Every structure is written in C-alpha cells, then in structure tokens.
Amino acid sequence: MKAIHSRWPVIVRVLAAILGGYAFTYATTATLARLLPFARYDAAAVATLLSFVVYLVFVLWAFSARTLGQVLAGVALSVPLAAIAFWPQLLGGMR
Amino acid sequence: MSAPALMTSLALAYAGMLGLCLGMDRHWKQLGSARLSPRWQRLCRPLGALLLVLAGYAASFVWPGGMALVAWFGLISLAGLALLLLLPYAPRLVLGLPLAGGLLAGLFALF
Amino acid sequence: MERQRSLTQSMSWLHTWAGLLLGWALFAIFLTGTLAVFDKEIDWWMQPELSDRGLGQAQAAEVAQRWLEREKPQASGWNIGLPTERAPQLSVSSGEQRRGERTQLDPATGEALPVRETVGGNFFFHFHYTLHLPRMIGIWVVGFAAMAMLVAIISGVIIHKKIFKDFFTFRPAKGQRSWLDGHNASAVLLLPFHLMITYSGLAIFSAIYMPAAVDALYDGDRQAMFRESRPGAEQAQQAGGGARRAGAEQGQPRGRGEGARPQAPAAELLPLAGFIERGEAHYGEGMVAGLSVSNPGRADARVTVRPLLGSRIELTKGEGMVFDGVSGRLLDAPEPSRPSLLTQRVIAGLHFAQFGGYPMRWLYFLCGLVSCVMIASGLVLYTVKKRRQVKADSSEGRAFLRLVESLNVAAVAGLSLACAALLWGNRLLPAELAGREFWELRLFFGVWLLSLAHARLRAPLQAWREQLFVAAALGVALPLLDLLLAPGAADRARLGLDVTALLLGATLAWVAWQLPRIATSRARRTPAVQIAGAER
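Chains as they are written, first to last, in our numbering: chain R, 1 to 95; chain E, 1001 to 1111; chain H, 2001 to 2536.
Please keep in mind that the hints were generated in silico from the structure rather than gathered at the bench.
Since this is a predicted model, take the numbers as computed values, not measurements.
Keep in mind that a hint or two might mislead.
[What the hints assert, rightly or not] Capping the alpha-carbon separation at 35 Å, the derived lysine-lysine pairs in DSBU-like fashion look like this:
hint	chain 1	residue 1	chain 2	residue 2
1	E	Lys1029	H	Lys2317
2	H	Lys2385	H	Lys2161
3	H	Lys2317	H	Lys2072
4	H	Lys2165	E	Lys1029
5	H	Lys2161	E	Lys1029
6	H	Lys2162	H	Lys2386
7	E	Lys1029	H	Lys2385
[What the hints assert, rightly or not] A few chain R residues facing chain H, derived, Cβ under 8 Å:
hint	residue
8	Arg34
9	Arg40
10	Ala43
11	Ala47
12	Tyr55
Positions of the beta carbon are idealized from the N, C-alpha and C atoms, including for glycine.
If we strip away everything but chain R, and leave its shape as in the complex, we get (with noise of 0.2 Å):
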C-alpha cells in the first residue's frame, strides 16, 4: 500500500475535492446564476439544478489532476468567482 507512507497528500486532497470542491461549487453556480441571461428565477432554478454536474465533474478532476498545487489553485478560484456572484452584496456592504 502506497498511501501508507504519504498519507497527509492523500488526506488534503480529499478534503480539498469535497470541502474545497463545495466551496468552488458554490461560487461557480452563484456566478452562474448571476450570467445566465435569463428572468431571475429561470436563471437560479438552471444554475441550481447544474451544480451538482459542476460538484461531480470538480471531484473526478481534482482526484486525476496531477500535483496537488493544482487542485488548491482550482479551489482558490472560487474567491474571483465569489466576487463575480455577490458584487452587489460586496457593494452593499462596503457603503
């Protein structure tokens, strides 16, 4: 058994494909929602109901990516994508 003598890489990257693969999950459906030229509702009931092809295909991706670096950078992505979604909340809030 290989994983035995490196447990920790195993470890961060199945928490980073689901805890990190929720949160990139989250980000991309709210900036979906967000882009989706569609009435308000259309928009969030289609981003809704693609997330968890969005989940799964992060998962399948995160465990087959080559080095961990990668992974973490893909999960870091759901900051940018976060902003897009919630700019007029950010906005709000800042005022």
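Since the structure of chain R is provided, determine the placement of chains E and H on it from the hints.
Showing chains E and H alone in chain R's frame:
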C-alpha cells in the same frame, strides 16, 4: 387494455437486445450459430436496433409520450438483464423466449 | 509530492473508496427507496383492519364531513384522504396536515375504525431520505451519499475498459470474475436508471444542498424565490384574501400567529362532495386524492382539492385548487409551470415515480432492486479482491478487511432481515399495544443491531449465509403468517405483497445457497483466467 401492448413492448425489447447480443462474435459463437453464415450475424445488430425502436413504439400505446420514453429505458435495461442471466443459466431459452413472449402477447391481445 | 498516476488508477482509487465508504449507506437508501415505491401498498398491508368497501369518493366525503362536523367542529382545519385506487380507505385528520393524527373511518357506519398503530410504508419512505436521523442531518448525509454515488458511477464508467464488449457478459461460479461481471453488468445495463435516480434525488433537495443561486440573487430568501415561481398566485392571493393559506403548498410554514387574529363569523360549509366533481373537471376523473378545509364552519372557510399524483411526470405535490367553502367560488387554480419550474418538477417527478400506473411502479421497483444488487456486489467485490492480497498485508489491513466484511453483512443481509422483521412485527405485536409503532421501530433497529453483532462474531461466509437464510425464511413464510393472523384481510393488494415477499425470499435463499460455490471456486481460478485471457 394496455397489457398486450406492454407484453409486446417487453418482447420486442428483449428481441432487440438479443439482436445486439448476437451481433457480437463472442455471443454469436456461444449460441451455436456457427452453422449460419456470418452474413446473418452482420444483420443482427441493425435488426436489434430496429426492434428496440419498435419496442419504444409499442410502449407509446401503454403510456403517453414522455412516460413511454422513461418506460422504454427501463424495459430495454431489464430485458437486457434477463438476457444476461439466461445466457449462462439457461442458454436454450435465450432464443426461445422472444417467440414465447410474442405468442403470449398475441394471446393477451385475443382474450 | 505524490507519484504520477494514470487516470485509470486515480479513478479506480476514487471508485473504490467512494463506493465502499458510502456503499453501506447507499444500499440502505436504495433498498428502502425501492420498497417505498409501494409505500401505500405496504401501508395498506400493515393495517389489516382496513378493507376496500368500494365506496365512491362523493359518498366518502359526505361520511367524512358528517364525522368531522360532529367530532371536530372547532378545529382550525380538516384533512380528508379519499379512497383511491392505491389507498382505498377513508381517513380524516384535523389541525395541521402534516402532524395531525389520522383517523380511519368506516364508510358504512360513519364511525372511527380501530386500526393498529404502525409505522407503515411511510417508514421506508422517510428512512430513504433521512436514514431515520434528525431530518436536516439525514437529508445532508443522504445527499452526500448520493453525490458519492454519482462520483462512483462516472468514475466506474471511466475505469470500465470494455463497456460494450462485456455488455452481455456474465460468468457465474468463477469467484472474483463473477462478482466483477455481475457488478459491471448490473451497472452498465441500468446505467440510465442509476444516473437518473441519483441525479433526480439530488435535484429534489437542490435548494437545501446548493443555496448559492438563492443567496446570490435573492439574498437567501427562499420564500421570495418561491413566490416568483408563480407570478399569477400573487393576484389570486389578493383576490381571494389569503386563499393560499388553505393549501398545504410545499409545506411552507404559513399562518404563523394566526391565533391572534379574530375568528370570522360562523357560516355553513357547503357539502364537500360537490368539490370533488369540480376538481375532477380539472384533473380528470378519479384523479382527486383528498380535500383540505381551513376554518371550517366560518365565513372564511377554504376548501383545497388535492390531486392524485400521477397523471403526468411533473411532480405536482402540494398543489391544489382552492375554493371558497361558503360560496363555492374558485379562488386559485394551478397554472401550467414555467419551463424552468417544469424542468425541476419533471426531474423530481422522475424520482417520485407517481406516474404511469402499476406497470411503471413495477419497472421502478425492479430497476431499484437491480441498483441494490449493483451496490451490494460492489461491496462484496472489494472484500473478494482484498482477501487475496491480505496474506501479504499488515495486521491493520486485516482488521480493516474484517470490519468491512462484517459491515457488508449487516448493511446488506442485515437490513433485508430487519425489513422482513418489521413486517413480521407488524403482524405479531399485539394490535392494542400502547406506543405500538415505537415497538415496531425498536424491533427493526434491534434486529439490525443484532445482525451487526452476529456479523462481527461469525466468520464472513457463515454470517452471510445465516442472515440471508433467516431473511429468506421470513420472506417465504410471510404469506403464511399473513393468512394465519389476518385471514379476513386477504385482498389483491395484500396478497400481492405476500407473493412479492415470497419471491424475494426465494431469491435470497437461492443466493445464500449459491454462496459457498462462489466462495470456494477461488481454487479454480486458473481456468477462469484462461477464459478471460482467451477472449481478449
């Protein structure tokens, strides 16, 4: 009633899966069809596909459009599974079943 | 850093662990979900005091109204479950629809029927999406498992090298090869079903699992989004003056603080039977499931006609036509869903499987059983593979394998056994027992716990066989039990359940019978490998 249509659809789904199955070399040999010329084998796959389409058409007599599509997926999946189990356990029944199924569907339709 | 791994290796690792660690929960979710396809029928079976009187819905509504006006004149609301094809009994409750205790009425005498308390088929339905945990925790655990299922399905497709070549391949009695064949075939042949049922299950609670879009566009106000889904409802509400409070719309908490408002003056409620016809005019003949009345006997009485689900794929749960109970005026009728809502509801409807009548129900039931077989064979496959390597493995590895073996037995055979035991308990526990449904629950979970203990104590193969045989015996003998203890109750639905239990029990017995053959055939591994190799 829709019982004959349902039986027909199931029989067609099974026959269609059998066609796809016979189109594969492994199963063509397995079912002792070596006596027949390979030309017949090449016919199996398109014929099977056609029968599957017909199974969907028969299902549309049982359910309205969208539901028939859902049922069609279920019917061909389960028919395929039945075929899968018959192949090792009762290979003699494999070819006989669609005939029996068709006959049964016919009986259902009559009574 | 980690060593470079190929895509197949990483996906295989993911498939194994996602499938194994959540496989136990997934099997429980799928088995109870499969049983819940026939939840109403199980309900009916579990209350043998009820019988089908062939009563028309209009007559039933009259009986119910008379009883409710006599017994519950002061209630804030009434609910009437009308006899339908799947549930031919007449039941009433008062107060909040979800919590109100149901009373079964004898349609002939108009009196309450003494029926045994039971968890009913509803137990399987609730267990299916909460695992009997506190509701929200359960929903999240089940959602996590469903996501793992989705991951396992797709990673499984990626690592399956010969999907089309092995489409119809099953080689029994060849040890690991057979388990792999069985796992692959049940997964591939029913791939559309597995994907559909898993995805639609997630979609039902999508607003809970993924509130991102609501947070971004509605500041997290789910009610606001819900109101926007039906723009027409807003006007109807203004016209009808809070008419929608009458409907049990999607279980939204409504009418909070209503107690503070003064009651409307007394006014006579129209005969409820008349509303059924008006509901049928909209939903179609025989498509009304029940009536809800709010503020009965008051001037602001509202009658909601609830449709039977199943005339379309779209899930119309919680929807209804709302009438003024005094004047009979139509206040609110469901409008066609907008495309995005329709999509959502069709996906939910695909999961709930309320459409297409009994043939469709049986298709879902059989497909669900195959899903269970697929999950169970995957769980077993892990132990079969590992058992070969275990000699070279650490003691830690061996202990883990032992744990997996016993959890497999308890999750698969033990749960089947517990489900059968629940049905037995329903007939054997005294009908008048106080807190009877809790005894049924104790029995169910007690048997399940015992099966885990048994699986820890016995060698794996013995544990599998013994538990499967007991479960099989309970299933096969269920018709006998039913005919002995509830001879008068035998009707088509109950006999149908008996026969189904008999057939499932016989199947389990056959599996238990075959197990040693499969297990010992590891010795004949060489020919199996040759055959597999020859076909490449």
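Going through the hints against the structure:
1. For the hint linking E/Lys1029 to H/Lys2317, the alpha-carbon distance of about 52 Å lies beyond 35 Å, and the restraint is violated.
2. Proximity of H/Lys2385 to H/Lys2161 is assessed by CA-CA distance (about 18 Å); at most 35 Å being required, the pair is judged to hold.
3. A C-alpha spacing of about 26 Å is found between H/Lys2317 and H/Lys2072, which places the hinted pair at or below 35 Å, so the restraint holds.
4. With a C-alpha separation of about 14 Å, the suggested pair H/Lys2165 and E/Lys1029 falls inside the 35 Å cut-off, and the hint holds.
5. Distance restraint check for H/Lys2161 and E/Lys1029: the Cα-Cα separation of roughly 22 Å lies within the 35 Å cut-off, and the hinted pair is therefore satisfied.
6. For the hint pairing H/Lys2162 with H/Lys2386, the CA-to-CA distance comes to about 23 Å; that is within 35 Å, so the pair holds.
7. For the suggested pair E/Lys1029 and H/Lys2385, the alpha carbons sit about 31 Å apart, so the restraint of at most 35 Å is met.
8. The interface hint given for R/Arg34 is met, as the beta carbon of that residue sits about 6 Å from the closest beta carbon of chain H, less than 8 Å.
9. Interface restraint check for R/Arg40: the shortest CB-CB distance to chain H comes to about 5 Å, inside 8 Å, so the restraint holds.
10. Given hint, R/Ala43 at the interface with chain H, holds; its Cβ is 7 Å from that chain's nearest Cβ, closer than 8 Å.
11. This hint holds: R/Ala47 has a C-beta 4 Å from the nearest C-beta of chain H, less than the 8 Å allowed.
12. Because the closest C-beta pair between R/Tyr55 and chain H is about 6 Å apart, less than 8 Å, the hint holds.
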